[in-house]
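Enquirer: Here is what each chain is made of, one letter per residue.
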Amino acid sequence: MTEAMTSGTIVRRRLIFLAPLVAFGVLAGYFIWGLNPDRHPHDLPSAMIDRPVPEFSLPTIEGMAGLGLSADDLRTGEVTLVNFFASWCVPCRLEHRYLLELAKDDKVRLYGVNYKNEPAEARAWLTGLGNPYGRIGADSTGRVGIDWGVYGVPETYIIDRTGRIRYRQLGPIDQKALDETIRPMIRKLSQ
Amino acid sequence: MRMWLLALTLWLVGLSPAWAVLPSEMLDDPVLEARARALSQDIRCLVCQNEPIDSSNADLAHDLRVLVRERLVAGDSDDQVKSYLVARYGDFVLFNPPMKPETYLLWFGPALLVLLGGGGVVAYYARRRRNPAAGPAPLSTDERQRLERALADTDAAEPRAR
Numbered sequence: 001m002t003e004a005m006t007s008g009t010i011v012r013r014r015l016i017f018l019a020p021l022v023a024f025g026v027l028a029g030y031f032i033w034g035l036n037p038d039r040h041p042h043d044l045p046s047a048m049i050d051r052p053v054p055e056f057s058l059p060t061i062e063g064m065a066g067l068g069l070s071a072d073d074l075r076t077g078e079v080t081l082v083n084f085f086a087s088w089c090v091p092c093r094l095e096h097r098y099l100l101e102l103a104k105d106d107k108v109r110l111y112g113v114n115y116k117n118e119p120a121e122a123r124a125w126l127t128g129l130g131n132p133y134g135r136i137g138a139d140s141t142g143r144v145g146i147d148w149g150v151y152g153v154p155e156t157y158i159i160d161r162t163g164r165i166r167y168r169q170l171g172p173i174d175q176k177a178l179d180e181t182i183r184p185m186i187r188k189l190s191q
Numbered sequence: 192m193r194m195w196l197l198a199l200t201l202w203l204v205g206l207s208p209a210w211a212v213l214p215s216e217m218l219d220d221p222v223l224e225a226r227a228r229a230l231s232q233d234i235r236c237l238v239c240q241n242e243p244i245d246s247s248n249a250d251l252a253h254d255l256r257v258l259v260r261e262r263l264v265a266g267d268s269d270d271q272v273k274s275y276l277v278a279r280y281g282d283f284v285l286f287n288p289p290m291k292p293e294t295y296l297l298w299f300g301p302a303l304l305v306l307l308g309g310g311g312v313v314a315y316y317a318r319r320r321r322n323p324a325a326g327p328a329p330l331s332t333d334e335r336q337r338l339e340r341a342l343a344d345t346d347a348a349e350p351r352a353r
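Residue numbers (our numbering), protein chains in the order written: chain A, 1 to 191; chain B, 192 to 353.
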C-alpha cells in the first residue's frame with residue numbers, strides 16, 4: 001500500500017465524523033423552514049390560476065336591491081376583485097374593513113359572492129358593516145364556489161382584464177396582504 | 192360491574208367508524224351508490240385535508256359527496272368525476288396522485304432511495320470480500336520490534352500465571 005493511498009483513506013475515514021454535523025444541518029434546515037410563521041401548510045395552490053373564470057350566473061341576495069353577478073361581468077376589460085364571503089364567517093368580519101378601504105380609496109372594482117348564507121343574515125351583515133361590493137351573487141348552494149375551487153371563506157380572487165383568474169388570497173385580507181400582494185398585483189394588471 | 196360494562200360498551204361504540212354519509216345523500220341505485228362510496232374514499236376533503244370526503248363531516252365534504260353522486264347519475268365515468276374535481280382543486284384533491292412528470296419523484300423517490308442505499312451496502316460488502324485484509328497498514332519492522340520490547344517489559348514486571 002503506498003503512502004498516498006493510506007493518507008487518502010485516513011482523510012476519507014475522518015470525513016465520517018462530519019456526518020452528524022451534516023445531519024444536524026439538514027434537520028436544522030427543515031426546522032427553520034417548518035417554524036417559519038409565514039408558512040401555512042394548509043394553504044393549497046389554486047388550480048384555477050391563469051384560467052378563465054368559470055361560467056356562472058347568480059342572482060343577487062334575495063330581498064336586496066342591486067345587481068347579481070355572472071362570469072360576463074368579469075370580462076368587461078377591467079381588473080376585478082371577487083370576494084367570497086358569508087355572515088357566519090368570523091374571519092370575514094376581520095377583513096371587511098380592508099374591503100371597504102379597497103372599494104372606497106383604491107377605486108378597485110370589487111364584486112362579492114355571498115357563500116351559503118341566509119339572505120336575511122347576509123342583508124343584516126351588509127347593512128351593519130357597510131357594503132363594499134359593486135355586484136353580489138348569492139351562491140346559496142355553494143356550487144359556484146366549487147367551480148371556483150373555493151374550499152373555505154373568505155377567499156379573494158384577482159381577475160385580470162381578460163377575465164382570467166390571476167391570484168387567489170386564502171383567508172382574510174390583512175394590511176400586509178393588501179400592501180404587499182393585492183395592491184401591487186392590481187397595479188400591475190391595470191397597466 | 193354494571194357501570195364497567197356500560198363504560199366498555201360506550202367505548203366500543205366510540206371505536207366504530209363514524210359514517211359521515213347521511214342517508215339523505217345516498218342514491219337509490221345500489222351500484223351507483225357503491226361507486227360513489229369507492230370514489231369518495233379517494234377524494235380528499237379540502238378542509239380537513241387528511242380525511243376523504245367519505246368520512247368527513249365538513250360542509251364542503253358534504254357538498255362534494257352530493258356533487259360526486261350527481262355526476263354519476265348524469266352518466267359520468269369515475270375518471271370523469273375525478274378530472275372534474277382535479278380541474279377545480281388540483282391533483283391534491285386525489286389521495287392517489289396521477290402519474291406524470293411532476294409526480295415522478297413522488298412515485299419513484301422511495302424506490303430510488305432504496306436502490307441508492309442498497310447499492311451502497313452491496314458495494315461495501317463487495318469491497319470487503321475482494322480485499323478481506325483491508326484494514327490498518329501492517330506494522331513496519333521497527334514498530335514490530337518496539338511492540339515486542341514493550342510486551343517483554345510488561346511480562347517481566349507482572350509475570351502471568353500460565
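The reader is advised that the hints may include incorrect statements.
[Claimed, not checked] Taking lysine to aspartate or glutamate and the DMTMM-like style, the derived pairs with C-alpha atoms no more than 25 Å apart in a straight line are: (1) A:K188 <-> A:D43; (2) A:K104 <-> A:D174; (3) A:K107 <-> A:D72; (4) A:K116 <-> B:D333; (5) A:K116 <-> B:E261; (6) A:K104 <-> A:D72; (7) A:K104 <-> A:D43; (8) A:K188 <-> A:E121; (9) A:K116 <-> B:D250; (10) A:K116 <-> A:D43; (11) B:K291 <-> A:D43; (12) B:K291 <-> A:D50; (13) B:K291 <-> B:E261; (14) A:K107 <-> A:D174; (15) A:K116 <-> A:D179; (16) A:K188 <-> A:E62; (17) A:K176 <-> A:D72; (18) A:K116 <-> B:E242; (19) A:K116 <-> A:E180; (20) A:K104 <-> A:E121; (21) A:K116 <-> B:D270.
[To be verified] A short list of chain B residues far from chain A (calculated; beta carbon distances all over 12 Å): (22) V212; (23) D219; (24) P221; (25) R226; (26) L237; (27) Q240; (28) D250; (29) Y275; (30) G281; (31) V284; (32) T294; (33) L296; (34) F299.
Derived from the structure by calculation, the hints contain no laboratory data.
Every residue, glycine too, gets a C-beta built ideally from N, C-alpha and C.
Enquirer: It remains to establish, for every hint, whether it holds in the given structure.
Expert: For each hint, the structure was consulted:
Using a Cα cut-off of 25 Å, the hinted pair K188 of chain A and D43 of chain A holds, with the two alpha carbons roughly 24 Å apart. At most 25 Å may separate the alpha-carbon atoms for a hinted pair to count; K104 of chain A and D174 of chain A meet this at roughly 16 Å. Of the pairs offered as hints, the one joining K107 of chain A and D72 of chain A holds, with about 20 Å between alpha carbons and a cut-off of 25 Å not exceeded. Using a Cα cut-off of 25 Å, the hinted pair K116 of chain A and D333 of chain B is violated, with the two alpha carbons roughly 91 Å apart.
Proposed proximity of K116 of chain A and E261 of chain B is supported: the alpha carbons are some 19 Å apart, at most 25 Å. At roughly 24 Å between alpha-carbon atoms, K104 of chain A and D72 of chain A fall within 25 Å of each other, so this suggested pair holds. With a C-alpha separation of about 29 Å, the suggested pair K104 of chain A and D43 of chain A falls outside the 25 Å cut-off, and the hint is violated. Distance check on the hinted pair: K188 of chain A and E121 of chain A sit about 36 Å apart at the alpha-carbon level, beyond 25 Å; violated.
Straight-line distance between C-alpha atoms of K116 of chain A and D250 of chain B comes to about 10 Å, which keeps the hinted pair within the 25 Å bound. A distance of roughly 21 Å separates the Cα atoms of K116 of chain A and D43 of chain A; the hinted pair therefore holds under the 25 Å criterion. Taking the CA atoms of K291 of chain B and D43 of chain A, the gap is about 23 Å. The hint holds against a cut of 25 Å. Distance check on the hinted pair: K291 of chain B and D50 of chain A sit about 21 Å apart at the alpha-carbon level, within 25 Å; holds.
With a C-alpha separation of about 29 Å, the suggested pair K291 of chain B and E261 of chain B falls outside the 25 Å cut-off, and the hint is violated. For the hint pairing K107 of chain A with D174 of chain A, the CA-to-CA distance comes to about 18 Å; that is within 25 Å, so the pair holds. Between K116 of chain A and D179 of chain A the alpha-carbon distance is near 29 Å, which puts this suggested pair outside the 25 Å criterion. The hinted pair formed by K188 of chain A and E62 of chain A fails the criterion: a straight-line CA distance of about 36 Å is larger than 25 Å.
Proposed proximity of K176 of chain A and D72 of chain A is contradicted: the alpha carbons are some 31 Å apart, above 25 Å. Of the supplied pair hints, the one linking K116 of chain A and E242 of chain B holds, its CA atoms being roughly 22 Å apart against a limit of 25 Å. Restraint check: the Cα-Cα separation between K116 of chain A and E180 of chain A comes to about 30 Å, which exceeds 25 Å; the hinted pair is violated. Taking the CA atoms of K104 of chain A and E121 of chain A, the gap is near 24 Å; set against the 25 Å cutoff, the hint holds.
Proximity of K116 of chain A to D270 of chain B is assessed by CA-CA distance (about 28 Å); at most 25 Å being required, the pair is judged violated. Consistency note on V212 of chain B: stated as away from chain A, and its beta-carbon is indeed over 12 Å from all of that chain's, at 18 Å minimum. Look at D219 of chain B: its CB is around 21 Å from the nearest CB on chain A, clear of 12 Å, so calling it non-interface holds up. Against chain A, the non-interface label of P221 of chain B holds: every CB pair exceeds 12 Å, the least being about 26 Å.
At the 12 Å boundary, the C-beta of R226 of chain B stays outside the reach of chain A, the nearest C-beta of that chain being 20 Å off. L237 of chain B, annotated as away from the interface, has a beta carbon of chain A within 12 Å; the closest lies near 4 Å. Listed as a non-interface residue, Q240 of chain B fails to keep its Cβ farther than 12 Å from every Cβ of chain A; the least gap is roughly 6 Å. With 12 Å as the threshold on Cβ separation, the claim that D250 of chain B sits away from chain A is violated: the shortest Cβ distance comes to roughly 7 Å.
Residue-level check failed: Y275 of chain B sits 10 Å from the nearest beta carbon of chain A, not beyond 12 Å. A beta-carbon of chain A comes within 12 Å of the beta-carbon of G281 of chain B; the shortest separation is about 4 Å. Interface exclusion of V284 of chain B from chain A breaks down, the closest Cβ pair being 8 Å apart, not more than 12 Å. Consistency note on T294 of chain B: stated as away from chain A, and its beta-carbon is indeed over 12 Å from all of that chain's, at 14 Å minimum.
Every C-beta of chain A lies more than 12 Å from that of L296 of chain B, the closest at about 17 Å, which supports listing it as non-interface. Once the 12 Å rule is applied to beta carbons, F299 of chain B is consistent with being away from chain A; the minimum gap is 21 Å.
Checked against the numbered hints given earlier, this structure breaks hints 4, 7, 8, 13, 15, 16, 17, 19, 21, 26, 27, 28, 29, 30, 31; the rest are met.
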